[in-house]
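So the sequence lines, in the order shown, correspond to chains A and B. If you read the first sequence in my numbering, its first letter stands for residue 25, the second for the next number, and so on. If you read the second sequence in my numbering, its first letter stands for residue 62, the second for the next number, and so on.
No lab work stands behind these hints: they were computed from the structure. The reader is advised that the hints may include incorrect statements.
Unchecked claim - Taking lysine-lysine and the DSSO-like style, the derived pairs with C-alpha atoms no more than 27 angstroms apart in a straight line are: (1) A:Lys259 to A:Lys245; (2) A:Lys335 to A:Lys306; (3) B:Lys151 to A:Lys385; (4) A:Lys389 to B:Lys151; (5) B:Lys151 to B:Lys172; (6) A:Lys327 to A:Lys395; (7) A:Lys385 to B:Lys172; (8) A:Lys256 to A:Lys327; (9) B:Lys151 to A:Lys306; (10) A:Lys267 to A:Lys218; (11) A:Lys335 to A:Lys313; (12) A:Lys385 to A:Lys306.
Unchecked claim - Output of the computed footprint for chain B on chain A, the stretches with three or more beta carbons under 8 angstroms from beta carbons of chain B: (13) 192–202; (14) 290–303; (15) 380–389.
As the list claims (entries may be wrong) - Beta-carbon label-pair distances, calculated as ranges: (16) A:Glu206 to B:Met241: 39 to 45 angstroms; (17) B:Arg162 to A:Ser357: 57 to 63 angstroms; (18) B:Gly74 to A:Lys385: 30 to 36 angstroms.
Note that the Cβ used here is the ideal one computed from N, Cα and C, for glycine as well.
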Amino acid sequence: MPEIVVEASRAMALGVKLCKPKVIPMYPITPQTHIVEALAEMINNGELQAEMIHVESEHSACSALLGAQAAGVRTFSATSSQGLALMYEILPIISGNRMPCVMAVANRALSAPISIWNDHSDAVSARDQGWIQLWVESTQEAIDTTIQLYKICEDHSVLLPGMLCLDGFTLSHVYERAIVPEQEQVDAFLPEYKPYIKLDPEKPITMGPIAFPNSFMEFKKMQHEAMLQALKVIKNVHDEFAKQFGRAYGDGLLELYRMEDAEYALMGMGTLVGTARVVVDKLREEGQKVGLIKLRSLRPFPKGELINATKNLQGLTVIDRHISLGYEGPLFSDVRSALFESDIRINNFIAGLGGRDITQKHLRKALLSLKERREGGWLL
Amino acid sequence: MPLKEIRIHGRGGQGAVTASEVLAVAAFYDGKYCQAFPSFGVERRGAPVEAFTRIADEPINIREHVYEPDYVILLDPTLLSSVDVARGVKDSGIIIINSNRPASEFRLNTKAKIETIDMTAAAMEIIGKPFVNIASLGAFAAITAEITLESVFKAIDQEFAHKKAVAELNKKAAEKLYKMFRG
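For reference, chain A alone in the conformation it holds in the complex (with noise of 0.2 angstroms):
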């Protein structure tokens, strides 16, 4: 397998080309633009055999997205903040509609004030919509993932959308070392797309008609049972990707990084996890006992597999790239929720919104709070 330096955003589209989508309906925004400019220029060089559908907006590309997927194709499409919002119209009609579409999010904040740089709101508001989201941390992660992400969600016990969620800029437009697989590899890993249900002239079929109150709670509940499933499907998923390519990222849903006995620890989402090792280290040199929660899928959220790695612990410090504004931030949420019947102590830092840097320093200080018996607030 090469390892090449390449720019996250490439990597990432080399990551969708391997997959093979058939369309890629786009509509360019700061900063996920590289990813499909990489993908048009593959197309347009006879690398990639695809329909790029070059759109009005990211309403349409989100509808012509449905449309591909539900015509019986694998496709892709890629957004960013008010991107991301103004799809969201149809975000719940793809995952009603049980097509395993696959998108990537390069994270950003939503306006206003008008940022171009990262924080997690704009995915992060999205969770709710019935698409599994994976978070990533690296430029390798990204191109696994992505990877993973179509087995996963094209799987037919599962049939769900799926985000790939990176860092804008401070994921997406760095260069670093990442080894990009081999089409045969990947062909061996993930078969070619077939349809559990498409939309056939021959044999015709109505999608996505009304449900009537009497049946529109099980439409629910069995995306909701999806979704379960889906916690199952990505570990295994992730198990079959370890062992066929040899890199792994926990269990694929949570990633434990020096937690064997760790006293305090902390957890988070995406880039923020890198820096995060980081300190872990230099604290650990200290003699301080911490360790580090990766969160790689927000949705389904892998409460059984947090519960489990948390245990031993006797403080848990959650930090937010988003904060759900008169109450605090939605991961914190989460997890105060998941380790309700846990004698644990939790608090929350909201961090790092509108692309304002994590540093090294932010984290040591949240990450020694409970220990220091202080309260969270916001790292600024």
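Following the hints, complete the assembly by docking chain B onto the known chain A.
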């Protein structure tokens, strides 16, 4: 080798971001881990730009900005009137300035060593245009010994894979600057 951090200052259009990427690729060819990223500003031609590279023997996990660089490359000395290029540079660090004036003439608020080298003259002579971003890596290789000139050449070939003539000119300019320090 512990983690080394490099900050490159230029103006929009002078290629500081490209230089940071080519530097990362050169380090990769030396068998190192690397990371390169721009300062994520709003891109405007002529405006001050910063770009960063990290080089290490081990995988690089850190994702915060570069605050205390080991090395600074200043592509455009006119930035000195508006940008504190010595900001945060380690006492043991080196600031490489593109200038035909001696280092002693630059009074910067730093304990880091200052080296000057006339990149523009070399670029004008060899490339015929004041493009110093790629050539500066020859000076960086000579002054810091963090990367080899051979790997800089390989990285230039990769960057300009479809513009072989441009690659050759930049390699020649980089070599000239390298030899000014290591004859």
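Between Lys151 of chain B and Lys172 of chain B, does the CA-CA distance stay at or below 27 angstroms?
-> Distance ~8 angstroms between Lys151 of chain B and Lys172 of chain B Cα, so the pair holds.
Verify the proposed pairing of Lys385 of chain A with Lys306 of chain A, using a straight-line Cα cut of 27 angstroms.
-> Measuring from Cα to Cα gives roughly 11 angstroms; hence the hint holds.
27 angstroms Cα cutoff - pair Lys151 of chain B, Lys385 of chain A = It holds: about 18 angstroms lies between the C-alpha atoms, which stays within 27 angstroms.
CA of Lys385 of chain A to CA of Lys172 of chain B, is that 27 angstroms or under?
-> Satisfied, since the Cα-Cα distance of roughly 24 angstroms is no more than 27 angstroms.
Assess, step by step, whether the Cα of Lys335 of chain A is no farther than 27 angstroms from the Cα of Lys306 of chain A, and give holds or violated.
-> Holds, because 24 angstroms separates the two Cα atoms, which is no more than 27 angstroms.
Could you grab the alpha-carbon distance between Lys256 of chain A and Lys327 of chain A and see if it respects the 27 angstroms cut-off?
-> Satisfied, since the Cα-Cα distance of roughly 12 angstroms is no more than 27 angstroms.
Are the Cα atoms of Lys151 of chain B and Lys306 of chain A separated by 27 angstroms or less?
-> Status holds; Cα separation ~20 angstroms.
Under the criterion that the straight-line Cα-Cα distance not exceed 27 angstroms, is the pair Lys389 of chain A, Lys151 of chain B satisfied?
-> Judged against 27 angstroms, a Cα distance of about 23 angstroms means the pair holds.
Below or equal to 27 angstroms on CA atoms is what counts here, so check Lys267 of chain A against Lys218 of chain A.
-> With a Cα-Cα distance of about 24 angstroms, the restraint between Lys267 of chain A and Lys218 of chain A holds, given a limit of 27 angstroms.
Could you see if the CB distance from Glu206 of chain A to Met241 of chain B stays within 39 to 45 angstroms?
-> holds, 44 angstroms
Do three or more residues from the stretch 380–389 of chain A put their C-beta atoms closer than 8 angstroms to C-beta atoms of chain B?
-> holds (count 4)
Take the stretch 290–303 of chain A, compare each residue's beta carbon with every beta carbon of chain B, and decide whether three or more fall closer than 8 angstroms.
-> holds (count 6)
Consistency note: the structure conflicts with none of the earlier hints.
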